[in-house]
Amino acid sequence: GAVVSQHPSWVICKSGTSVKIECRSLDFQATTMFWYRQFPKKSLMLMATSNEGSKATYEQGVEKDKFLINHASLTLSTLTVTSAHPEDSSFYICSARTWTSGRNEQFFGPGTRLTVL
Amino acid sequence: RKEVEQDPGPFNVPEGATVAFNCTYSNSASQSFFWYRQDCRKEPKLLMSVYSSGNEDGRFTAQLNRASQYISLLIRDSKLSDSATYLCVVNWGQNFVFGPGTRLSVLP
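If you read the sequences in order, they're chains A and B. Okay, so the first sequence: first residue is 1 according to my numbering, each after it adds one. Okay, so the second sequence: first residue is 1 according to my numbering, each after it adds one.
Take the hints with a grain of salt, since some may be wrong.
Claimed, not checked - Simulated crosslink set (BS3-like; lysine-lysine; CA at most 30 Å straight-line): (1) K42(A) with K79(B); (2) K55(A) with K2(B); (3) K66(A) with K79(B); (4) K20(A) with K79(B); (5) K66(A) with K2(B); (6) K2(B) with K64(A); (7) K45(B) with K79(B); (8) K42(B) with K14(A); (9) K79(B) with K64(A); (10) K42(B) with K42(A); (11) K79(B) with K55(A); (12) K42(B) with K55(A); (13) K45(B) with K64(A); (14) K20(A) with K45(B); (15) K42(B) with K2(B); (16) K42(A) with K45(B).
Calculated from the structure, these hints are not laboratory results.
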């Protein structure tokens, strides 16, 4: 399958700081990437859909001014958690959509574990 | 009604057992269907796509019933390493909707 990387894989930061997470498609171009959040023992929750060259589409309840998404190229999308607070501590996972054999498929990055102190 | 529903489990089965998961979806315009596997504290990984005619990959068999809007996954001769959460995913357009997942524990 296609390879998606995320950086960093884990980060610990102080409350009030901003954290930037990168998602890269390594061997394909992704016009669409997705950002998810997952709390312990909970389901994946879609935060936003990121389209290259345009504004991200956020899911209901996700603050676009707090979770800034930039998808400036076909292989890179970034999520910035601004003024992070302890309740933002979570597992953030990106994925990229590909078109393979006549169907959409989605491949995930390894995730970024964020801990806000 | 949720867009994609799954029995959350957990399913606790002995090694070597056969176990089946079902998933129902509400959007009749859904185009593609997938099963993902997620291990604890890891990202979901594509297990298999589900084709209209049904498909098999080793011990895993996936079936699609468009009329009844459900997808199934059958695991034969289950291994300890099959313990994970199995996520049903339904796609239409650029939307991928995940079910809540079914937890499987294979016991020695």
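Hints, verified against the model:
About 24 Å separates the Cα atoms of K42(A) and K79(B), which keeps this hinted pair within 30 Å; it holds. Between the alpha carbons of K55(A) and K2(B) the distance comes to roughly 27 Å, so the proposed pair stays at or under 30 Å and holds. With a CA separation close to 43 Å, the supplied pair K66(A) and K79(B) exceeds the 30 Å bound. Restraint check for K20(A) and K79(B): the C-alpha separation of about 39 Å exceeds 30 Å, so the hint is violated.
This hinted pair checks out: K66(A) and K2(B) have alpha carbons roughly 27 Å apart, not beyond 30 Å. Between K2(B) and K64(A) the CA atoms are separated by roughly 25 Å; this keeps the pair inside 30 Å, and the hint holds. A distance of roughly 18 Å separates the Cα atoms of K45(B) and K79(B); the hinted pair therefore holds under the 30 Å criterion. Pair hint K42(B) plus K14(A) holds up; C-alpha atoms about 24 Å apart against a cutoff of 30 Å.
With a C-alpha separation of about 43 Å, the suggested pair K79(B) and K64(A) falls outside the 30 Å cut-off, and the hint is violated. For the proposed pair K42(B) and K42(A), the alpha carbon gap of about 13 Å is at most 30 Å, so the pair holds. Proximity of K79(B) to K55(A) is assessed by CA-CA distance (about 44 Å); at most 30 Å being required, the pair is judged violated. Restraint check: the Cα-Cα separation between K42(B) and K55(A) comes to about 28 Å, which is no more than 30 Å; the hinted pair holds.
Distance restraint check for K45(B) and K64(A): the Cα-Cα separation of roughly 27 Å lies within the 30 Å cut-off, and the hinted pair is therefore satisfied. Annotation: proposed proximity of K20(A) to K45(B) holds, straight-line Cα distance about 24 Å (limit 30 Å). For the hint pairing K42(B) with K2(B), the CA-to-CA distance comes to about 25 Å; that is within 30 Å, so the pair holds. Restraint check for K42(A) and K45(B): the C-alpha separation of about 17 Å stays at or below 30 Å, so the hint holds.
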